[in-house]
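Trainee: As they're listed, the protein sequences go chains Y and W.
Going by the working numbering, 97 is the number at position 87 of the first sequence; the sequence numbering is gapless.
Going by the working numbering, 50 is the number at position 40 of the second sequence; the sequence numbering is gapless.
Keep in mind that the hints were calculated from the coordinates and are not lab data.
It should be emphasised that the depicted structure is a prediction, and the values quoted were computed from it without experimental measurement.
It is possible that some hints are incorrect.
[What the hints assert, rightly or not] Pair ranges (Cβ atoms, derived):
{"#": "1", "chain 1": "Y", "residue 1": "Glu53", "chain 2": "W", "residue 2": "Gly52", "range": "36 to 42 Å"}
{"#": "2", "chain 1": "Y", "residue 1": "Val65", "chain 2": "W", "residue 2": "Glu55", "range": "41 to 47 Å"}
{"#": "3", "chain 1": "Y", "residue 1": "Ala92", "chain 2": "W", "residue 2": "Glu20", "range": "30 to 36 Å"}
{"#": "4", "chain 1": "W", "residue 1": "Val66", "chain 2": "Y", "residue 2": "Pro39", "range": "47 to 53 Å"}
C-beta: ideal position from N, C-alpha, C; glycine also.
For reference, the chains in residue letters:
Protein chains: 2
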Amino acid sequence: MPTASVRALEHPTCEEIRLEGVLHALSDPMRLQIVRFLWRLGEDEEAPCSAIELVVAKSTTTHHFRVLREAGVINQVYRGTAKMNALRRRDLDTLFPGLLGTVLAADAIQCERDG
Amino acid sequence: MPTASVRALEHPTCEEIRLEGVLHALSDPMRLQIVRFLWRLGEDEEAPCSAIELVVAKSTTTHHFRVLREAGVINQVYRGTAKMNALRRRDLDTLFPGLLGTVLAADAIQCERDG
DNA sequence: CAATTAATACGATAGTCTACGTACTACGAC
DNA sequence: GTCGTAGTACGTAGACTATCGTATTAATTG
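Using the sequences plus the hints, can you model the full thing?
Mentor: In structure tokens form, the structure reads like this:
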């Protein structure tokens with residue numbers, strides 16, 4: 011079994027991450043759904059794009075993942091045919107302590123409220 | 011000295027406030043600046059739109075205040091010739107505990123970082 | 001009533017955002 | 001090499017956004 015090829019992707023450094031960009035990335039229901047999914051995985055755990063059931067065209071999914079990556083919310087890396095995604099928890103928590111957790115708690119409250 | 015006339019404006023009820031809408035409202039630098047300003051005032055304190063120095067046309071300012079009101083972030087009321095603005099701290103903190111505080115703390119960190 | 005102040009409304013424009021479908025690439029399995 | 005899977009690229013349509021300038025409304029002051 012050969013090691014799956016790993017290709018890198020452009021990511022913003024911590025200094026380049028902007029609060030407005032992060033908030034904008036999180037202000038879309040579909041992207042919030044992606045982040046919620048990744049949040050529920052363990053620390054540093056990855057998931058391929060295909061692991062999340064989104065009711066839109068594949069190309070639209072690609073777009074949303076890219077917005078999250080470019081805002082600095084997620085880390086993406088190609089592994090073989092898959093593109094693995096993980097939250098940049100540590101980076102975000104260092105930059106903006108508690109932000110991600112608070113937003114996701116608010117999201118959980120709203121999901122509960124919506125039923 | 012006559013009491014200034016008070017006219018009401020449409021606001022979303024707490025049930026109508028959406029997390030995505032709040033995050034979107036906060037994801038613009040100009041609007042973040044407005045919220046930061048209102049946050050620094052005391053609890054329940056109001057300020058007229060003109061109290062905040064924004065480097066855009068008046069009509070653009072009006073637009074941003076409206077976005078914040080329609081998202082449920084601020085409360086607006088006419089008092090005489092002025093339109094007074096206040097953060098809906100209590101409402102937001104009840105709906106999404108800690109959210110506003112965490113975002114504003116993150117904003118403070120970023121302002122510090124930007125110098 | 002006239003003047004001043006605070007803010008809105010309107011209309012235009014340039015740009016962004018979300019979404020789609022189709023065609024394509026990269027990799028792993030056979 | 002061929003096939004299937006995972007995801008990208010591209011072009012596009014429609015909706016929304018940010019901005020402006022000008023004209024206008026509403027209330028207070030004189």
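Trainee: Look at each hint and say if it fits the structure.
Mentor: Now for the hints, and whether the structure bears them out:
no.: 1; hint: Y:Glu53 / W:Gly52: 36 to 42 Å; result: holds (40 Å)
no.: 2; hint: Y:Val65 / W:Glu55: 41 to 47 Å; result: holds (44 Å)
no.: 3; hint: Y:Ala92 / W:Glu20: 30 to 36 Å; result: violated (48 Å)
no.: 4; hint: W:Val66 / Y:Pro39: 47 to 53 Å; result: violated (29 Å)
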